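Peer 1: Chain by chain, the residues run as shown.
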Amino acid sequence: MSAITHHTPDAMLAAYAAGSLPQPYAVVVATHISMCMECRASFEAHQAVGGTMLDATPATDLSDELKINVFALLDAPVTPQPVFQKSGVYPGPVMELLEGQPPRWTKLGVGIRQNIISSNSSGSVRLLYIPPGQAVPDHSHNGLELTLVLQGSFSDDTGWFGVGDLEIADEHLEHTPTADAGPPCICLAATDAQLRFSTFLPRLLQPLFRI
Amino acid sequence: MLTASSDIKPIEWLAKSTPRKDIVVAAAGPSEISQQTIWMLAVRDQRDKVAFASLFDYFGPRLKGFVMRSGMSSSQAEEVVQDVMLTIWRKAALFDPHRAQVSAWIYQITRNRQIDVIRKEQRPLPEELAQDPGTEPDANQIMAVEQEGQKLKQALSRLKPEQREIIEKAYLGELTHQEISAQTDLPLGTIKSRIRLGLEKLRHELKELR
Ligand SMILES: [Zn+2]
Chain A
1 MSAITHHTPD AMLAAYAAGS LPQPYAVVVA THISMCMECR ASFEAHQAVG GTMLDATPAT
61 DLSDELKINV FALLDAPVTP QPVFQKSGVY PGPVMELLEG QPPRWTKLGV GIRQNIISSN
121 SSGSVRLLYI PPGQAVPDHS HNGLELTLVL QGSFSDDTGW FGVGDLEIAD EHLEHTPTAD
181 AGPPCICLAA TDAQLRFSTF LPRLLQPLFR I
Chain F
1 MLTASSDIKP IEWLAKSTPR KDIVVAAAGP SEISQQTIWM LAVRDQRDKV AFASLFDYFG
61 PRLKGFVMRS GMSSSQAEEV VQDVMLTIWR KAALFDPHRA QVSAWIYQIT RNRQIDVIRK
121 EQRPLPEELA QDPGTEPDAN QIMAVEQEGQ KLKQALSRLK PEQREIIEKA YLGELTHQEI
181 SAQTDLPLGT IKSRIRLGLE KLRHELKELR
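Chains as they are written, first to last, in my numbering: chain A, 1 to 211; chain F, 1 to 210.
Check each hint, because a few of them may be wrong.
Stated by the list, open to error - Partial selection, computed: residues in chain A whose CB lies under 10 Å from chain F:
no.: 1; residue: 31
no.: 2; residue: 56
no.: 3; residue: 71
no.: 4; residue: 144
no.: 5; residue: 150
In short, the hints are calculated from the structure, not lab data. Just so you know, these numbers come straight off a predicted model, no measurement behind them. Don't be surprised by glycine CBs; every beta carbon is placed ideally from N, CA and C.
Isolated chain A, as found in the complex:
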């Protein structure tokens, strides 16, 4: 595996640690950290700042019952939460959204497939499968789009993105990522809005395909 060169911006890591990053982006950042020691170290440095603040917070009196309640629960049986480990090219946070199952791809034409793994009012997260030489349909964005490569690579006007690389595109970027030769490119992509594909599908069909 080649070295990761496109990382999570520091402000995004701080927002992720503090919990202010919208859910779809948080999924991609958690996945990138799972793949990238560099960003894990930065993320943990932000935790250290938060910890310093916590440590400096003046004490507020606790009710007397609280400690008793906590100690009463220490030996209570706990149902362990499932822990999702990396499976194939899909890191833990992706496996969690896939509920431990392989992706269920929907064909979008010309060999491109997608699987929407999370979608709500804060945006959506999808897996994209792009055969070599195929372009991800030319699209512009309503907001910010994060694309993380899980397998293969793609290139666009802004550069080359291999496994672990994170591309951040805002509404001003009109780009055409194209999967390179080699294994099909599998990406994790998050948006805070619906994508507007400009050449691929008529706008009217978008709700149907939930692109």
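Starting from the structure of chain A, add chain F with the ligand where the hints point.
Peer 2: Quick look at chain F with the ligand alone, frame taken from chain A:
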């Protein structure tokens, strides 16, 4: 290289806790490994309830104040404190002093819990890098992380009040990442490189396990 002598109190837990080899400690003052870390390791390695009570007494009241700053009521805040303290007890195995001070680890648990409560959504979390339970603690690395933590604390205390307020807002989750990118200029470099060393060591150990 010298082994723990009886006058270096904070190291005693290591002698007690490790059926492993003797811990190697550089000649260091007793204050170098913090009380909080010693308690946390006793909780992690011995399931020591006395140490847990000390952690509770130290962090509980701070946690309540911290959580209430995000606008939670006293009773809501106590529910969060209860959940966080129980998570500390149950997930203690994930605490790694080679990478984090206790306060940093607890900060993240607390923010995660607050977001779960406020937004009713599960926070996506990175994969945990599990430690080999047989790993020998490296006191030099632990102390180095703590020293960098001290430096960070000093750096934060030297900020102008309005800068400090912005930082606090950012880490209380009150700023978007766009707002943060326009603001923060924290001296994270040295602590980051210390954490990175801890990660490298861990990665090396994980490889050897395979
Ligand atoms: Zn990175």
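Peer 1: For each hint, tell me whether it holds in the structure or not.
Peer 2: Hint check:
{"no.": "1", "hint": "31", "verdict": "8 Å, holds"}
{"no.": "2", "hint": "56", "verdict": "7 Å, holds"}
{"no.": "3", "hint": "71", "verdict": "7 Å, holds"}
{"no.": "4", "hint": "144", "verdict": "9 Å, holds"}
{"no.": "5", "hint": "150", "verdict": "14 Å, violated"}
Of the numbered hints listed earlier, the single one contradicted by the structure is hint 5.
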